[in-house]
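Protein sequence lines correspond, in order, to chains R and D.
Numbering follows my numbering, with no gaps: position 279 of the first sequence is 271.
Numbering follows my numbering, with no gaps: position 30 of the second sequence is 289.
Incorrect hints may appear among the rest.
Claimed, not checked - Label-pair restraints from in silico Cβ distances:
(1) R/E4 <-> D/D335: 49 to 59 Å
(2) R/E4 <-> D/S305: 21 to 31 Å
(3) R/E200 <-> D/P347: 32 to 42 Å
(4) D/E306 <-> R/A279: 44 to 54 Å
(5) D/E349 <-> R/P242: 54 to 64 Å
(6) R/S172 <-> D/N351: 24 to 34 Å
(7) D/E306 <-> R/K289: 41 to 51 Å
(8) R/P110 <-> D/S305: 48 to 58 Å
Hints in this document: simulated from the structure, not taken from any laboratory.
Just so it is clear, CB atoms sit at the ideal spot from N, CA and C, and this is done for glycine as well.
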Amino acid sequence: MTRVLTEAELEEKFQARIDAEEKIEPKDWMPDKYRKNVLRQMSQHAHSEVIGMQPEGNWITRAPTLHRKCILLAKVQDEGGHGLYLYSAAETLGTSREEMNDALHDGRAKYASIFNYPTVTWADMGAIGWLVDGAAIVNQVSLQRTSYGPYSRGMVRICKEESFHQRQGYHIMMVLMRGSDEQKNMAQDALNRFWWPSMMMFGPHDTESAHTAQSMKWKIKRQTNDELRQKFVDQSVKQAEVIGLKIPDPDLKWNEERGHYDFGEIDWEEFKQVVNGNGLCNRQRMAHHIKAQEEGKWVRDAITAYEEKKRQRADQAAA
Amino acid sequence: MSDHMKLYEVFLRSKRGLDHKHVGSLHAEDAQQALEYARDVYTRRSEGVSIWVVNSSDIVASQEDDCESFYDPHDDKPYRHATHYQLPDEVNNM
Ligand SMILES: [Fe+2]
Ligand SMILES: [Fe+2]
Ligand SMILES: [Fe+2]
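Let's have the full structure, built from the sequences with the hints guiding it.
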């Protein structure tokens, strides 16, 4: 007869599987805290994709050319799709999309603080694609190796689609930097405003981060916040230089010994304020999300009513 | 209609972390039996670590003939691809 395993034995088996670089699949036993931790990260990621459509959506009707408008529309459409991939993957953990949505609306779930900054000029579309998607890609490439199977597969799919997002953003910046003084200033101004918030996207320092140690042990995260941030800085410096942009950090300089760029300290007070709801656009973003859901209700109701009608007709025909 | 047993489609996950892939179909009386048959006929050489069986009649498929109207709008959007954007060589690995 097989003995029922104790919680401790199950946990040991679970960790052994993770140590062996095997993925955890939805029907596997997993510690409750693992489930909660992955769910928190995935739902936060999903919410970020969806809320992230707002700052860019702001410029769709005002893109400078029809071509740029098509590109921006395609990008924002992708982000909505990424939200869907991630919500579906998160639902395999047994939490419904409605629950995740509610948690977003009443503030229990978060989304990336970057999307609480306003997009005031066209160059912001360049800065967002280049830096915000650039930072997201650094994170997502690393997460392709996350231990939860559905999350990992979602990341692989998303990374394939992301590649054009960063390039189109950089391309916007490049074209502006070849333009008039006014256009160059606009590009530099967007970089000035979006650089530090992009750096914040990787979260608090490893020493301050509440979840890092456990997340690394369970391989939910594969690289720490600080490692990922360093990678982002190292790749961005050259990219800025090539088109003549200056990264707004007086402490930024190459460190021969480390083989990396040194950089200045993030304004953590600002980070805290924005995460806690006091950024420039927090209220606007949430109000818009709730409004979109309410105003779309009649469409969902109509679909349900139509399905019901079809079923009744089929029943009648069968009778 | 024939009195054949129901048709099931079989999906295998060859390794943890990978998607289930369609490998074929079989007849079975019910889902449990379909799982057992699938194990017997599709995983004799440890081809899979997880099996899904789905009633074939539950699968809704697009028709290839619909292709044009179904997929066509995507062909004229080259800007959805990374290669559409020409960047300086030094940063082209982006
Ligand atoms: Fe995305
Ligand atoms: Fe993303
Ligand atoms: Fe993106």
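Status of the hints after comparison with the structure:
The hint said 49 to 59 Å for the Cβ distance between R/E4 and D/D335, and at roughly 55 Å that hint holds. With their beta carbons about 25 Å apart, R/E4 and D/S305 fall inside the hinted range of 21 to 31 Å. Checking the proposed 32 to 42 Å range against R/E200 and D/P347 shows it holds: the Cβ atoms sit about 37 Å from each other. Between D/E306 and R/A279 the beta carbons are some 52 Å apart, a value that agrees with the proposed interval 44 to 54 Å.
In this structure, D/E349 and R/P242 break the distance hint of 54 to 64 Å, their C-beta atoms being roughly 24 Å apart. As the Cβ distance of R/S172 to D/N351 is approximately 26 Å, the hint placing it in 24 to 34 Å holds. As the Cβ distance of D/E306 to R/K289 is approximately 47 Å, the hint placing it in 41 to 51 Å holds. Remark: the range hint 48 to 58 Å for R/P110 to D/S305 is upheld by a beta-carbon distance near 56 Å.
Of the numbered hints stated above, the single one contradicted by the structure is hint 5.
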